[in-house]
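K.L.:
So you can see what is in the structure, the chains are spelled out below.
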Amino acid sequence: MSIFDRSFAGFRRGWMKTSLLPAISLLLILPGSPLDAAEGTKISPAPSTRADRAMALERQMSPAEWLAATTPRDPALGDLTDEEILRLGEVMYRDGLLPSGEVMEAFIRGDIEVDSTAFSCSSCHQRGGLGSVEGGVVTPPTNGRKLYQPYRRPPSLNDVADKMGRYVYAKTITERPAYTRESLKASLRYGIDPAGEIFNDVMPRYPLNDRDMAILARYLELLSSEYSPGADPKGFKFATIVTDDVSAADREAMLEPIRMFVAGQNQQVAMYKDFLKFGYTPTGDMKYSFRTASLSVWDLKGEPETWRAQLEAYQQRDQVFAVLGGISNRQWRPIHEFCEARRLPCFYPITDLPVVSDTDWYTVYFNKGYEQEGEVAARFLKRRAEIDSATGILQLVQDSPAGRALAAGFDHSRQDLREPAVETLILDDALLDDPKALAALVAGKHPGVVLLWADATILPHLPLLAESLADPALLFVSSTALGKATTTLPEKIREQVFITYPYRLKPYVGDEEGTGFLSRIPIETTFRSFGDRRIATRTATMLNQSVLQGLRLLYENLYRDHMLDVMSMQMDQTVPDYERLSFGPGQRYASKGCYVIQLGPGPEPELIPRSPWVLH
Amino acid sequence: MLLSFSCLALLLWGGFTPSPAAAAEARYQRSVERYRAPDVELVNQDGDKVRFRDLVETDQPVVIDFIYGTCTTICPVLSAGYVSLQKKLAKEGRSVRLISITIDPENDTPRVMKDYLERYRAKPGWDFLTGTRADIDTVMTAFNAYIPDKMSHYPLNMIRNPKDGTWVRLFGIMSSKEFMGEYKEVADQ
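Here the protein sequences come in this chain order: A and B.
For the first sequence, our numbering assigns the number 1 to the initial residue and increments by one for each residue that follows.
For the second sequence, our numbering assigns the number 1001 to the initial residue and increments by one for each residue that follows.
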């Protein structure tokens, strides 16, 4: 290292600590080239190869270049087709299983053997293969289009260790030349990049045989190699889905915010074009912020069994990048399964009947709908000191999708809590019409707790039902199932009745201190909120989620899987309808909470929380 | 003028570029701290309530870390470290008390935590705890490990010395050998 280098390095470190902000402000007022310097793209101080390499980073590898880099075919692949490789490679990449079905052996930190099923490629590099940045840990991209061109990790202030030594772990490779297929294989086996740099310890090393290695390498070549349908660098095509059981007013409440969003996007593009016309020089990544949008409304008619064919026809006619929102009063399942099969993201539809799954990927919901309310009732009972194993619990379930979903949530949660199953009776219409028979049936069971998973038709029967029980039993109902009528709950039994309520109660969105960006915005939740489906506000939340947080972070990586990846790495959010939305890889129900409340006295009762927002 | 712009640009460029030399510095940082485990009630992977202080302040060394069930970056590495420590000590016929505290209390239900432990083939002695957000915040704060959002977390292990109640705070990612060394330094005193 020359004297100049040493003093320069010292200056550089000192500068970072002391004068970052003034320098940035200086940049903002200087015209022309210094602005480019901040991006590190155009400036060339003396002969600098770094700038050249950075240029390469900015540029997306063309399909022709990708093809050249990935040909000729690897002889180790035998006669496997690309389709077979995608299938086998996907299992290796996502699940850590070899084509033989055995677990992929891997070593991290030099000497720890890990099980690849717990520590798969996609668990860090994500499904789309574009990597991630979280908590100062940068995971570089691992798809062919990125691997086979030079790479320089995005600069980050985290690169400088602070006094506490935080972020020292953040160092992954900073810069490397393009991989070839051979150097890629070597790196997977031995953890060395094409420049000879040793990988960070957290990257496992995989002692694979030649064929398995060839499959994995080819899978990476194919991963996120072509833009997803419905997207190109100029814009996105979106759809939204409405079923014919939805009222005209509800349909409009959902569509209007989306139409406004689409118009807003296109208006921004027009404005951007005007800026360019008048000589404005955009910064490097500004182009990613200005993309057109279009919206197709996919109306589904008739019975749910016919929806799949209708959806296929729509998608055939007009491939879209993602489904924004949507609304149905019926089971969302046929739409969910279509999106899953077509690998089509669907963001936050308005439904109380979502599919609850630990593994499905492509539909992101606000919450688990009715099932979430059933779950919280089970947890609430588990935590009530006066409820013990001797307390009889009776579940009365209306024979309806809502009733069954509430009961399913309760039963699953009870199972998770290792509590015995409860007695369940199906409430048919005849029983719902005959309060005396219902009361007699329930009284004969001597329950201490009765769960009434039914709609508002059950409400007039409650006093008789409560009277027929020997001890004052606890009754549970769902505010979503009862709707507006929840507020008419007879006053004399209000102390006995517990109501599941999956929306916000805190009267403001924002910070406890209420300052700056997070200043409090009043959100009043009152008895009037019962039955409000919050269609427009939740759709607006969806758009902020998908658009601001997701599309903004795509840059040139227009892949559906990547969109879901970046959206799952977001910070938590407080929103008008829920106390908190939180995210994480694989998490598909953003609002995890649900209150158990009771009603105060009077025709305009106070909503009294009896549980925290999230209860375990 | 052009030259001065170029120089400025060069300096700025350099400023944003990490120094490769720094990468070779210590992989983790060690300090000895005095923390008091807060007396809060948390819930373990079996859905049972536990008093955190009682669980931690025992006559055995206890290791804690902060992770979450769906984490894809640091947590798998920390958990691989736990697995390795359990395995290596088991070979010597010893057991170790390991506690992971969630930093995603909304999503980490007992079932999520139990699945996580099963995925890592955790042996008895490794507990994963969740609770209300307020209680989890209290625990993070007590260990000078508070983060407002799980997406900004960092790798941290802490080992409690039962003899004097001090905590060895280990910041960064250690190899299994280093982790074992740190544990034994406390346990075999």
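Treat the hints loosely; a few may be bogus.
[Stated by the list, open to error] Mimicking DSS-like on lysine-lysine, the simulated pairs with C-alpha atoms at most 27 angstroms apart in a straight line are:
#1 A/Lys382 / B/Lys1114
#2 A/Lys382 / B/Lys1049
#3 B/Lys1163 / B/Lys1087
#4 A/Lys185 / A/Lys237
Keep in mind the hints are simulated off the structure, nothing from the lab.
It should be emphasised that the depicted structure is a prediction, and the values quoted were computed from it without experimental measurement.
K.L.:
Compare the distance between the alpha carbons of A/Lys382 and B/Lys1049 with 27 angstroms, and conclude whether the hinted pair is satisfied.
P.N.:
Satisfied, since the Cα-Cα distance of roughly 11 angstroms is no more than 27 angstroms.
K.L.:
Please work out if A/Lys382 and B/Lys1114 have their alpha carbons no farther apart than 27 angstroms.
P.N.:
holds, 18 angstroms
K.L.:
For a C-alpha distance cap of 27 angstroms, please report whether B/Lys1163 and B/Lys1087 respect it.
P.N.:
The hint holds at about 25 angstroms.
K.L.:
Take the C-alpha atoms of A/Lys185 and A/Lys237, compute the straight-line distance between them, and say whether it is at most 27 angstroms.
P.N.:
violated, 37 angstroms
Taken one by one, the earlier hints fail for this structure only at number 4.
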